[in-house]
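Read top to bottom, the protein sequences are chains A and B. For the first sequence, counting from 1, position 65 maps to 65 in the working numbering; every step adds exactly one. For the second sequence, counting from 1, position 171 maps to 171 in the working numbering; every step adds exactly one.
Certain hints may be false.
Unchecked claim - The calculated DSSO-like cross-link candidates involving lysine-lysine, where the alpha carbons are at most 30 Å apart (straight line), are:
1. A:240 <-> A:201
2. A:201 <-> B:111
3. B:152 <-> B:74
4. B:111 <-> B:152
5. B:74 <-> B:135
6. A:240 <-> B:135
Claimed, not checked - Derived list of chain B stretches under chain A, where covered just means 3 residues or more per stretch with a C-beta under 8 Å from a C-beta of chain A:
7. 220-229
8. 235-246
Don't read these hints as lab results, they were simulated from the structure. Keep in mind it's a predicted model, so treat the numbers as computed, not measured. A virtual CB, placed ideally from N, CA and C, is assigned to each residue, including glycine.
If you want the building blocks of each chain, they are given just below.
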Amino acid sequence: MARGALVLGVGAEAGLGGALCRRFAREGLAVFAVGRTQAKLDAVAAAIRATGGGAHALAADVTSAGDMAAAFEAVEKATGAPPELVVYNAGNMAAGPLAEMTDAFFEAAWRVCAFGAFLCGREAARRMVPRGSGTLIFTGATSSLRSRPPFIAFAAAKAAERAVAHGLAREFGPNGVHVAHVIVDGVIDGELVNARAPQIKERLGADGMISIDALADTYWILHTQARSAWTLELDLRPYKEQF
Amino acid sequence: MTDTDPRDSVALVVGAGDFIGGAIAKRFAAGGYVAAVGRRKADQLAPLVHEIEAGGGRARAFALDARDEDSVEKVFASIERDVGPLEVMVYNVGANVYFPITETTSRVFRKVWEMACLGGFLCGREAARAMLPRKRGSIFFTGATASVRGGKGYAAFAAAKSGLRALAQSMARELGPENIHVAHLVIDAGVDTAWVRDRIQASGRDPAQLPPDTLMNPASVGEAYWMLHQQPSDAWTFELDLRPHRETW
């Protein structure tokens, strides 16, 4: 049976989640794409299957403990084993002025970035530790390290997610589980920004954004690192990004 | 630099000792580069050069004192003139010493800083001068736990390594827009070298009894430098850490 990869936080085909699914499928893994919108997941999975890869679409809420466990269960049921590679890629880039921010808005950012990361890490640890292997990668952002308006809710949530990742790495590395946190310190050339703010692409110019395929390559490299030299954290940005 | 054509391009490793530096040189030679290797005593480089050549790679040894401006300028000029365009420069000079603060002499403090920081500046500057007209190249610095943490007994080493990290950060911000990739690798654990095994022995433990993967394999570390050099310029890493899976930190 195929080895499984579980990618949580998949939206449009032209987003990072979709690119990760395609990259892992290309390596022969059976990919399980988890996101909120069934139609988008179906499109990602169908495109992979059309090129001969293995892909499954699972609509789920990553902030629900029940849905998170069910996603891991689905991989085990289909492949006979827990996923060898899990990516927590859910996030909402919540932005808004603090004085007008509602409680629900702040809490929603925390739920999708930090609480979901915890649920994912807990499920992954329960299933990977007994096997003594597995990779768990979290998608971080500039906001993981730096809180700046209008992204304060997002930054508070991403910093918490980073703390979850670092804690997991220290607790489960000795059990053979590789936990990594990727700090994406630039604008991703993906659906989220291109649909919401197409003027950004124009402003940044050629090569001013990070291609989703280049990002996906780095996730795969992290998964294939020898365990005698593992990376917990790395940053990624375009060559001309100011930082 | 995925579009790199390594034919006759040079990857220089400054501080090509027997372990990490040697592994980095071997990895870039395997990738098609001419591995230029430098250390103070060039005759000690002969086994590394022979090993690379025996494996079908190309290597050139240089006597290089990274603390000496004349020596650095001469070696960089000689590489560009006699070997090929410098595409990669790795600054890997180690200066790891342990002294309680009251026993740290100004001579030790200054010498450690010269090796770990000043030499990085001299080699980084010469690499930038060579690479800027071509608008391509990678400049990588080997960091350590002490780059981000001043541990007990490591005042001289940590001060110097923090300085090297700051140098790397400034260079990354200045040279990134010129398409030159500057990165800093935080090696946060012992690498499997004779020196580290001696230190373990000295601390009263038997290095032969270490559990597997307690120390990092130099080849695994070399692979990380190679991977950074392969990154396309729309997704570059400035800093990454490396440690074995069972390391606690």
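Going down the list of hints, with the structure as the test:
| no. | hint | in the structure |
| --- | --- | --- |
| 1 | A:240 <-> A:201 | holds (14 Å) |
| 2 | A:201 <-> B:111 | violated (49 Å) |
| 3 | B:152 <-> B:74 | violated (38 Å) |
| 4 | B:111 <-> B:152 | holds (19 Å) |
| 5 | B:74 <-> B:135 | holds (22 Å) |
| 6 | A:240 <-> B:135 | holds (12 Å) |
| 7 | 220-229 | holds (count 5) |
| 8 | 235-246 | holds (count 12) |
In this structure, the earlier hints numbered 2, 3 are contradicted, and the remaining ones agree with it.
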